[in-house]
Amino acid sequence: MSLISVENLSLDIYGTPILRDVSFDIAQGKVFGLVGESGSGKSMTSLALMKLLPDGARRSGRAVIDGRDLFALDEAAMCAIRGNQIGMIFQEPMTALNPVQTIGDQVAETLVVHGVAKRAEALAIAREKLDRVGLDGARFPLDRYPHELSGGQRQRVCIAMAVALRPRLLIADEPTTALDVTTQAQILDLLRGLVEEEGMSLLMITHDLAVVSGLADHVAVMQEGRIVEQGPTEELFRTRAHDYTQRLFAASAHRPAREPTVTDEILLTVEDARRSYALPRRSLFGTAPKLEAVRGVSFTLRKGESLGLVGESGCGKSTLTRAILGLEDLQGGSIRLFDREPVKPGMANALRAGLQVVFQDPYGSFNPRWKVSRLVAEPFHLMPHPPADARDRVNDALVEVGLRPDDADKYIHEFSGGQRQRIAIARALINRPDLIVLDEAVSALDVRVRAQILDLLARLQETHGLGYLFISHDLHVVRAITDRVMVMKAGEIVETGETEAVFANPQHPYTRQLIAATPTIPAQWQMQEHA
Amino acid sequence: MLRFALQRLTSLTISLIVASMVIFFVIEVIPGDPAAYMLGMNAQPETVAALRRDLGLDQGLFVRYLAWVGGMVTGDFGTSYTYRVPVSELIMARLGVSLPLTVYALVLSTLIAFPVGLIAAARRGSALDAGIMGGTQLGIALPNFWFAMLLVLFFSITLQWFSAGGFPGWDAGFWINIQALTLPAVALALPQASILARVMRSAVIETLGQDYIRTARAKGLTSRQTVVRHALRNALIPVLTIIGLQFSFLLAGGIIIENVFFLPGLGRLIFQAITQRDLIVVESVVMILVFAVILVTFLVDLTYAAADPRLRRRA
Chain D
13 MSLISVENLS LDIYGTPILR DVSFDIAQGK VFGLVGESGS GKSMTSLALM KLLPDGARRS
73 GRAVIDGRDL FALDEAAMCA IRGNQIGMIF QEPMTALNPV QTIGDQVAET LVVHGVAKRA
133 EALAIAREKL DRVGLDGARF PLDRYPHELS GGQRQRVCIA MAVALRPRLL IADEPTTALD
193 VTTQAQILDL LRGLVEEEGM SLLMITHDLA VVSGLADHVA VMQEGRIVEQ GPTEELFRTR
253 AHDYTQRLFA ASAHRPAREP TVTDEILLTV EDARRSYALP RRSLFGTAPK LEAVRGVSFT
313 LRKGESLGLV GESGCGKSTL TRAILGLEDL QGGSIRLFDR EPVKPGMANA LRAGLQVVFQ
373 DPYGSFNPRW KVSRLVAEPF HLMPHPPADA RDRVNDALVE VGLRPDDADK YIHEFSGGQR
433 QRIAIARALI NRPDLIVLDE AVSALDVRVR AQILDLLARL QETHGLGYLF ISHDLHVVRA
493 ITDRVMVMKA GEIVETGETE AVFANPQHPY TRQLIAATPT IPAQWQMQEH A
Chain V
101 MLRFALQRLT SLTISLIVAS MVIFFVIEVI PGDPAAYMLG MNAQPETVAA LRRDLGLDQG
161 LFVRYLAWVG GMVTGDFGTS YTYRVPVSEL IMARLGVSLP LTVYALVLST LIAFPVGLIA
221 AARRGSALDA GIMGGTQLGI ALPNFWFAML LVLFFSITLQ WFSAGGFPGW DAGFWINIQA
281 LTLPAVALAL PQASILARVM RSAVIETLGQ DYIRTARAKG LTSRQTVVRH ALRNALIPVL
341 TIIGLQFSFL LAGGIIIENV FFLPGLGRLI FQAITQRDLI VVESVVMILV FAVILVTFLV
401 DLTYAAADPR LRRRA
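Residue numbers (the working numbering), protein chains in the order written: chain D, 13 to 543; chain V, 101 to 415.
The set of hints was computed from the structure by calculation and includes no laboratory data. Treat the hints with care, since some could be wrong.
Claimed, not checked - Computed footprint of chain D on chain V; a stretch qualifies when at least three of its residues, placed anywhere within it, have a C-beta under 8 Å from a C-beta of chain D:
#, segment
1, 305 to 316
2, 319 to 333
3, 402 to 412
A quick note: this is a predicted structure, and the numbers were derived from the prediction, not measured. We put the CB at the ideal spot given by N, CA and C, even for glycine.
Using the sequences and the accompanying hints, generate a full structural model.
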């Protein structure tokens with residue numbers, strides 16, 4: 013029996029079409045997965061159901077729950093439904109909670125605003141709900157503030173808040189995208205458990221096909237504001253009737269064709285690298301405790317080699333990366349280029365030119381007031397004299413990453429996320445470096461764009477004999493692009509080896525745990541792979 | 101929280117010590133003899149010598165600094181050369197006008213700015229918002245003495261509700277003084293309220309764009325409940341900063357308004373002391389003002405911590 017049925021939902025925002033004739037039913041007590049790339053209209057669909065659309069939105073269609081059309085209700089009636097009949101959780105748990113209110117008050121507020129309980133009683137219920145989502149009273153008393161919790165713990169608070177009144181429908185908009193794999197697995201388990209126990213329906217919005225494959229009963233694929241295909245999960249995964257669905261699946265499983273030619277020439281040597289930070293003092297006169305972010309890391313990277321570094325947030329990846337880029341000093345050990353030159357802040361510019369980086373965020377890593385030609389040419393400042401053919405080299409670099417020479421005269425806002433990442437790669441290539449550090453370089457990209465960038469990286473590595481240090485939390489990507497992989501945990505490399513060997517036969521318990529926690533599409537569903 | 105307060109208190113004390121040194125030594129390094137400077141060009145050498153003794157200038161620099169600081173701690177600021185009365189008495193009398201005036205103006209400014217800023221933020225982009233923004237622009241642009249004169253013309257001369265100036269003194273009763281301070285307080289408050297309303301508006305608008313506001317809406321709060329329960333307290337930090345700055349500014353910055361309304365305030369005292377080269381008064385008033393600014397900063401820091409739990413670390 014269907015709990016909510018959405019009929020011909022269309023949406024325009026200031027005249028721009030966002031959704032077109034979106035129709036689907038969510039059955040009582042079932043999980044409905046809505047997948048698609050960014051901008052496909054997934055989130056807008058959920059906000060339309062909550063009637064929390066941005067200004068300038070014009071909507072048509074119906075969303076019927078219990079015989080009532082949500083879209084026909086006034087704001088007061090909608091307030092009574094939000095949080096009560098329909099709960100919602102969002103992608104970014106770090107900012108989803110009010111920083112100046114305790115978690116107890118925030119969970120209790122759901123009960124109080126709906127007039128279900130007075131504050132004292134609401135707090136008692138909040139306690140039960142927090143226990144239910146795995147935040148026990150001993151470690152997580154009600155008077156904790158959000159900043160005292162990790163991302164995963166905050167997402168649990170958000171879930172407790174959303175399910176406090178046992179809503180009939182829970183909308184989860186990319187609830188695990190910002191979380192580490194092991195945390196993601198726990199949150200998905202929690203959601204699965206809540207659906208089973210409470211008989212609640214779940215609208216699960218995600219870009220990750222593997223996540224829906226393990227959770228949803230029914231899946232709809234969205235593209236450019238339309239649902240192009242929907243059906244029971246296994247059936248849809250096996251048949252992939254629509255062309256777009258096929259492309260999406262192909263891209264998410266994409267592995268670039270690589271023929272690495274690893275030489276013996278050593279590019280980067282890291283020897284017993286150590287770095288710790290002082291934490292706030294616990295008492296006025298006590299010594300400050302230390303956080304050992306990197307604890308004796310050693311490895312080498314050879315020319316033409318692609319080395320992966322995986323680990324969860326807080327494992328020390330970023331600290332190590334900053335040290336390798338010569339942005340921060342080590343407190344012990346050494347980092348050397350070509351096994352000779354030490355890497356440190358204040359190192360020679362000529363040396364720096366051989367070491368380039370591509371960051372995660374294609375939106376934040378460019379000066380918006382500079383033209384692409386200037387952005388890409390910026391590393392020339394590392395040379396004593398900019399080359400005479402600077403402009404030609406910018407054009408060549410743009411062509412090499414699949415853009416056009418006349419793109420050099422545009423500003424960065426004129427490009428999509430994938431194109432910006434190509435520009436970042438062009439900038440990294442301009443000085444013909446030996447080593448490129450790719451710090452979560454494809455993590456913010458949609459699967460199809462990600463596949464293209466991975467292909468580009470593989471091709472560039474072959475033509476230039478580049479060494480890659482590929483840092484990522486995404487095991488699928490690391491498996492696709494690296495020759496060797498290192499697994500980092502709590503500042504130490506716990507396992508290292510040939511990528512295929514590590515993935516096929518992980519030795520360290522932590523590696524096993526990571527691999528087990530990574531959602532995967534069941535192998536037998538992939539049998540009918542379309543070419 | 102206690103630890104936070106202690107930390108702030110320590111830095112307050114250090115700031116005060118540094119400030120007292122700077123004030124003292126800056127006056128010391130003024131070229132020439134302070135006594136000769138105070139007495140002017142035509143002073144008799146004997147008079148200068150007498151004043152030097154009075155001021156203790158014949159003693160060492162460090163001894164004088166200690167004596168000055170020690171005096172201030174015990175409430176002895178020395179004797180004004182021009183008024184021939186203890187500086188502490190002068191300052192207390194003037195503070196009796198300036199402090200109530202400042203608090204009055206600040207309360208008015210806050211009472212105007214909060215609702216106005218909130219409404220403008222909640223109705224962002226509407227005609228009302230545009231009107232409020234235009235009005236505050238005008239409030240900032242208009243010189244407050246001109247506005248003060250308009251107030252006098254209308255409320256004192258035409259309506260005769262308030263006196264046009266002067267201050268009866270606190271012995272004359274509470275309400276009559278409040279009445280005397282009302283027009284000056286309004287004149288002082290208006291530009292401050294305009295600034296504060298704009299800060300309030302932008303702070304609330306920024307807060308309303310945060311994810312946790314969306315979360316609150318998804319819980320079923322109405323937009324009004326969301327603003328009151330979630331946006332307001334988060335928007336308060338920048339607003340508190342401005343209020344703190346305004347207090348310090350108003351305490352001594354009301355000099356023009358004090359002149360328009362013939363109020364014997366701190367601003368006029370320091371102006372007169374400077375023109376009469378009464379360095380002892382200047383030194384002491386500046387120190388008092390520095391103390392007030394540092395104290396207000398301390399209080400603002402404490403309210404930050406009260407408003408935002410991230411600022412008070414758990415011990």
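Hint by hint, here is what the structure shows:
no.	hint	in the structure
1	305 to 316	holds (count 6)
2	319 to 333	holds (count 8)
3	402 to 412	holds (count 4)
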